[in-house]
Amino acid sequence: MASLKREIPDDRKVEPELNKTRTAGDVPEPAAKQRVALNPADCSLDFNIDGSGLQGSGFHEGAFAYCWSGARATVGISGGKYCFGCKIVSVQPVDMCDTPSEDQHLCSIGVSRVEEPVENLGETQQSFGFGSTGKFLTAGKFSDYGEKFGVGDTIVCAVDIESVGKYSDYAIIGFSKNGQWLGTATVFYVSPMLRMNDASVRKHQWKLALFPHVLLKNVVVELQFSLEDGLVPEGGFKPWDFAIEKGNAVRGPVLTSVSECEVIMMVGLPASGKTTWAEKWIRDHPEKRYVLLGLNLIRGQMKMPRLIRKQNDRDLFDRLMDKEPAIFYSLLLRAANTPRNFIIDQTNLHKSGRQRKLKLFALFKKIAAVVFPGPAELKFRSHKRLRETGLEVPAHAVNSMMASFVLPMSKDMPGSDENFDQIIFTELNRVESQWHLLKMKEALALMPNSSINNDMSPSSWETSSHPSVHDGTASSSSLTLGPQQSPLPRAPRGNTIIAPTVMYNPAQAQRPFYRSAAPSLPNRPRGWAPPTYPYPR
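273 is the number that full-length UniProt numbering gives to position 273 of the sequence shown; each next residue is one higher, with no gaps.
There may be inaccurate statements among the hints.
As the list claims (entries may be wrong) - Under the rule of at most 27 Å between Cα atoms (straight-line distance), these lysine-lysine pairs were calculated in the DSS-like manner:
#, residue 1, residue 2
1, Lys135, Lys148
2, Lys384, Lys411
3, Lys280, Lys365
4, Lys288, Lys303
5, Lys135, Lys238
6, Lys148, Lys207
7, Lys303, Lys148
8, Lys384, Lys365
9, Lys207, Lys288
10, Lys351, Lys323
11, Lys148, Lys238
12, Lys280, Lys207
13, Lys246, Lys303
14, Lys323, Lys411
15, Lys280, Lys303
16, Lys288, Lys411
17, Lys357, Lys323
18, Lys303, Lys141
19, Lys411, Lys365
20, Lys303, Lys207
21, Lys351, Lys441
22, Lys351, Lys365
Hint data in this document are derived by calculation from the structure and do not stem from the laboratory.
Based on the provided sequences and hints, a complete structural model is requested.
Below, the structure is given as structure tokens:
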């Protein structure tokens, strides 16, 4: 099996030019000719780069056989007519008895912008891919083009943006197979900013430049960017590396020292809004180029919706979900040995689990982002996720997680044994979060064990305690039962947990109490299952 670890560079091992903070788009002027290769700073975590940076393949053992893995080149172009080649070297052995043979070994070749997800090719307006199935894909739409290709074939991708800024704002992309031109695949719009030489514009051109991009599923490929690499250029097009000396090259992102990297660990109950916050944080900080490690990444690499729709197999979702924990933990190990920025998108409620994960990221800056919404908002988000996705986490599973939920502490806080450098509370602050968590745990403590292990949630009790308004800290007042001195009716089995709604008694404005707000919810659709929480927790 391919190694899951990449060597962690430190200040002694990192080459001088990689030990500097460098902005993507900078093209240094080296004394020797600069090579173009696959970019370790712009590829999927499960993508392996070998052969002096020209050979690429993804993990294929076990559950990774169901995943697509992608990479872009180190250099993109902002003008001119250039081409690169990709030879299909071999297929990788896989065990996929539930998948048709024609879907087991696939690849796509093309170009995309550096800000597009590297696990996708051809699924946005500025991403273009020619697949081994004989289909061309852009903006998520397939069209018949060329012919199928496989092991032993060489595909050349040619891009013409020479006229941009001169005669039109459009570019052309086409492909050849084994030296035979297949014709123009599409004509697409590109920004005139690509041809501007103004310094203020030039530093942003890396966002607009087009980079060679391969997306693989259980195949091994070898890229050709120069004549020395074995490239036979298409007529009228220059080898891709010629763009460097002609001034049309735009440098992609580069790896820096691991000490400059950070890992953000999301912390929060299911459906609390962790993924939403993380995705917004990534959009607001594009220069960090975060990798979001979570179920969405895995399902995206599996192309799960497309696969389920194509095979018309309602049980396929369950089988694929069973493979997610193994994939996630392997990606976590690879991430800990890769000098990039990461966000771990899991519940991370258990302190011991957080500590085990943080040990893997010893040299990273470590941040916890706690998403703890108010009870009414948590209830709303739980309903919303169930309506939109059909996914739920059973109440007994949430009760179990809540019982061991401990808010994280930074390493400089008194009594802390966690190694976080910083704690971010994205909604309620620490005092408010701790108070609500305490009340939920007290409610759990008063519930019969049979109820905790089944479907009764802590919202099935009423409380009359409230946070102190004198010193801003949470009160430790005891929890009392409602007027009937008995729990409210149990929610139907199979329902997701509903967070308690904070209600206010007009006669006692400072005495909020919890009231159960669990309605009857629809049953899960067949073929869906609650997400799993892979080790380490």
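Going through the hints against the structure:
Taken as a hint, the Lys135 and Lys148 pair is honoured in the structure, with Cα atoms around 8 Å apart against an allowance of 27 Å. Restraint check for Lys384 and Lys411: the C-alpha separation of about 36 Å exceeds 27 Å, so the hint is violated. Pair hint Lys280 plus Lys365 holds up; C-alpha atoms about 20 Å apart against a cutoff of 27 Å. Taking the CA atoms of Lys288 and Lys303, the gap is about 25 Å. The hint holds against a cut of 27 Å.
A C-alpha spacing of about 25 Å is found between Lys135 and Lys238, which places the hinted pair at or below 27 Å, so the restraint holds. For the suggested pair Lys148 and Lys207, the alpha carbons sit about 32 Å apart, so the restraint of at most 27 Å is broken. With a C-alpha separation of about 20 Å, the suggested pairing of Lys303 with Lys148 holds against the 27 Å cut-off. Taking the CA atoms of Lys384 and Lys365, the gap is about 34 Å. The hint is violated against a cut of 27 Å.
With a C-alpha separation of about 14 Å, the suggested pair Lys207 and Lys288 falls inside the 27 Å cut-off, and the hint holds. The suggested pairing of Lys351 with Lys323 holds, with an alpha-carbon distance near 25 Å, which does not exceed 27 Å. Between Lys148 and Lys238 the alpha-carbon distance is near 25 Å, which keeps this suggested pair within the 27 Å criterion. About 19 Å separates the Cα atoms of Lys280 and Lys207, which keeps this hinted pair within 27 Å; it holds.
A hinted pair counts as satisfied when its Cα atoms are at most 27 Å apart, and Lys246 with Lys303 does not qualify at roughly 39 Å. For the given pair, Lys323 sits about 35 Å from Lys411 by alpha-carbon distance, which is inconsistent with the 27 Å threshold. Taken as a hint, the Lys280 and Lys303 pair is honoured in the structure, with Cα atoms around 22 Å apart against an allowance of 27 Å. For the given pair, Lys288 sits about 24 Å from Lys411 by alpha-carbon distance, which is consistent with the 27 Å threshold.
Pair hint Lys357 plus Lys323 holds up; C-alpha atoms about 20 Å apart against a cutoff of 27 Å. For the hint linking Lys303 to Lys141, the alpha-carbon distance of about 14 Å falls within 27 Å, and the restraint holds. Restraint check for Lys411 and Lys365: satisfied, since their Cα atoms lie roughly 12 Å apart, inside the 27 Å limit. Distance check on the hinted pair: Lys303 and Lys207 sit about 25 Å apart at the alpha-carbon level, within 27 Å; holds.
Among the hinted pairs, Lys351 with Lys441 is consistent with the structure: their alpha-carbon atoms are about 16 Å apart, no more than 27 Å. Taking the CA atoms of Lys351 and Lys365, the gap is about 18 Å. The hint holds against a cut of 27 Å.
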